[in-house]
Structure formats: C-alpha cells, structure tokens
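J.: Just so we're aligned: the sequence shown equals residues 1 to 228 in this note's numbering.
Some hints here could point you the wrong way.
What the hints assert, rightly or not - Distance ranges between label pairs, derived from CB positions:
1. Ser-67 - Gly-134: 17 to 23 angstroms
2. Gly-207 - Ser-155: 20 to 26 angstroms
3. Leu-144 - Ser-205: 37 to 43 angstroms
4. Gly-82 - Pro-191: 19 to 25 angstroms
5. Asn-69 - Ser-190: 35 to 41 angstroms
6. Arg-136 - Gly-48: 28 to 34 angstroms
7. Gly-134 - Tyr-224: 37 to 43 angstroms
8. Gly-178 - Ser-155: 16 to 22 angstroms
9. His-227 - Arg-121: 21 to 27 angstroms
10. Gly-98 - Asn-157: 37 to 43 angstroms
11. Asn-157 - His-227: 39 to 45 angstroms
12. Gly-117 - Gly-214: 33 to 39 angstroms
13. Asn-157 - Gln-47: 17 to 23 angstroms
Hint data in this document are derived by calculation from the structure and do not stem from the laboratory. All of these numbers come straight from a predicted model, not from anything done at the bench. Don't be surprised by glycine CBs; every beta carbon is placed ideally from N, CA and C.
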Amino acid sequence: MSDRPPALPPRSTHVGTPLRRPAGSTALTRGTGYNINGGNWSGMAAQGSGFTSTSTSWVEPSVTCNSSNDLMATWVGIDGYGSSSVEQTGVATDCSSGSPVDQAWYEMFPANPVHYGNSVRAGDTITAPVTRSGTRYTLKLSDLTQGWSKTTRKSLNAANASAEFIIESPTGAYPRFGTVSFTDAKINGSPVGSYGPIAMDASNSSGYEDHTSGLSGGTSFSIYYLHE
C-alpha cells in the first residue's frame, strides 16, 4: 500500500461546518457526569471576541470502523461555535471504504475543505496552531512522528468569536476511537482553562457517543468513546 492515502470521497456536509446543536439540546442535569450536548461535536470551545491564536497537540488514535458511514475529524480552530465562519486544521478519519483512512486537511468555511497528500498514521503525534493577524490566517499542521509540516495562509473577514479543540462527525456516526487526548491546549498563548471553555459531549438518537473529561493543569483533556 502506498504511503500516500487516497483522497477522501465527497461528503454531503463539510468537516468543519459550524456547530448546529440538536433541537432542544441543553446542559444536562447536574450529577449525571455529562457535559453540554454538542450534537456532532465533542471537546471544548471558548467564546469571546478577537481571538488571535489557538494551538494544541494530540496523538492520532487507532480507529475501528463500525460502518462505512463513520467519519470523524480531530481539529483545532477559530470560530464555528455560534458563528458562521470556521478557520481550522486537523486530521480526518473516513470509513467509507470499509477501513479507516486518515488524512490531514484545513478548512476556511464556507469554502470546501482542502486535503493534504501527506501520510498520517495511528500513533502519530500531531501539532496544530491556527493564528490570526487582522483578516489573515495561518494554519499549520505538523506530524512530528513522520517529520512533515504544512502551512497555509488565507484571508477571511471572520467573526473571531470562539476558539475550539474538537472531535467532530459530519455524518453523526463516530468510529470506535478509544481516547483522544488534547495536550498543551492554548488560546492567545494562555491555557484554555483561563477562558472558561464549554465542554461538549457528542450525541445521536441512541444517546451519548463520547464524553469529554475535565481539564488537567488548565491545558489538557481527553475525549472517551462510548458507543455509536
């Protein structure tokens, strides 16, 4: 098999579509141990204004597909939580072929995602900062294990009203990913915890698909797979 993964097939929804929570979704009853119902998003998002940078690292998980509909993306970015724009980069895992295919990408919504040709494998350490200067964005994605890095610079007149560390499923169906841990998560160079982020758990018609932990040291948290 080639080291270069095939391009992801077209999907009916963007990987980085701004969050649309299910009708009636609210914070869950205290004491249940769960977080805000994030719909097809899980992770943490901070709201405010004028965000200029967000960055984090994670180890790409080893994934088992439940079905060919499974699709997940681990990403970091600015905007999307309560705004109509998204500036983000990360790694998508697509099960449409029957087996998981990992591919690096970036997106400046509403433009389509752009996929890089660089190889990504389970167990690789990924770092991903997104920075802004005025209307100019720099999206950098690095695979420290395989030794490659991609930097994209684009302009967009965006809201800059949120900063996120997210696992998302555009299809609403997550593969079995075990655990994804975000480390050294920072916003504007400061620990994400100092921004009072909102923690989200993804859900579907069968209940909660995963669970986001609390913060450790203000900069680290994990997302645990529960079921599809």
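J.: Against the earlier hints, flag every one the structure doesn't satisfy and list their numbers going up.
T.: Of the numbered hints, 1, 2, 6 and 8 do not hold.
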